[in-house]
Amino acid sequence: MIEPIALQSTLETVRFWAIVLCLGLGVFFTLVSTVGVLRLPDIYARAHTASQTDTLGAGFALAGVALAFGWQHAAVYTVLLLFFVFITNPTAAHAIARSAAESDVEPVLAEEGEADDAEVAAETEGETR
Amino acid sequence: MTPVPLEDVFLAAAALFVVLAIVLFYRAVVGPTTQDRLLAVNVLGTNTVVILALLAAGLDQSWFLDVALIYALLNFLMSIAISKFTVDRGGVL
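Line by line, the protein sequences are chains P and Z. If you're matching positions, the first sequence starts at 1 in full-length UniProt numbering and goes up one per residue. If you're matching positions, the second sequence starts at 1 in full-length UniProt numbering and goes up one per residue.
None of these hints come from the bench; they were simulated from the model. One or more hints might be untrue.
Claimed, not checked - Covered by chain Z, per the in silico footprint, the following chain P stretches (three or more residues, Cβ under 8 angstroms): (1) 7–21; (2) 27–37; (3) 54–64; (4) 75–85; (5) 94–103.
Remember, it's a predicted structure, so these values are computed and weren't measured experimentally. For every residue, glycine included, the Cβ atom is placed at its ideal position computed from N, Cα and C.
Given these sequences and hints, build the entire structure.
Printed below as a string of structure tokens:
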């Protein structure tokens, strides 16, 4: 049960804008993660953005939900869900990237060390996929 | 009172998350390797957990949080299991 927030009190005003800020940051970081998963060149780069940015976006959104519930058991529940997502999401991305490495998926890189060629190859490869 | 009802803020955020989740289906359909598809489904599952939590606050149904927790558990289990099964004798974790 979410109680309506009365903005006469300063603390409640801060809480309202903190909720809005948390939700906005959550949507922003999830947008960044979605763009990364769609546009990055290979599975390892995608696993990187999925493990970090998406975890941060989910964490911000769940923190906003927990702030909105206030002092009741649903808020504790949401914080536990936040910790669970924080632990399991990078672990899952790590397992996926390692399974890609063990099933011989080649990373998009140059053959022997040439950085310029590597960047060009990564860009063209990313556009063809 | 607040300039916008707090429930509407949560419902709008949930709608944006739904749009992002639909966009992620592109990677799940196109993705060249199995791991690409698996990663897209994993991110989509995380988005679903967040959407369920936002709806729990926006629609005032706190039992949605139970569904979200079970969904997060199954999502993690699915990622680990499939990434193990796609490798021969894989020790992926």
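We went through each hint and held it up to the structure:
Evaluation of the coverage hint for the region 7–21 of chain P: fulfilled, as 4 residues show C-beta separations to chain Z shorter than 8 angstroms, against a requirement of three. Taking a C-beta to C-beta cut-off of 8 angstroms, the region 27–37 of chain P contributes 6 residues in contact with chain Z, enough for the three needed, and the coverage statement holds. For the region 54–64 of chain P, the stated coverage by chain Z is satisfied: 7 residues place a CB nearer than 8 angstroms to a CB of that chain, which reaches the threshold of 3. With a threshold of 8 angstroms between beta carbons, the proposed coverage of the region 75–85 of chain P by chain Z holds, since 6 of its residues qualify and at least three are required.
By the rule of at least three residues with a Cβ nearer than 8 angstroms to a Cβ of chain Z, the coverage given for the region 94–103 of chain P holds, with 9 such residues.
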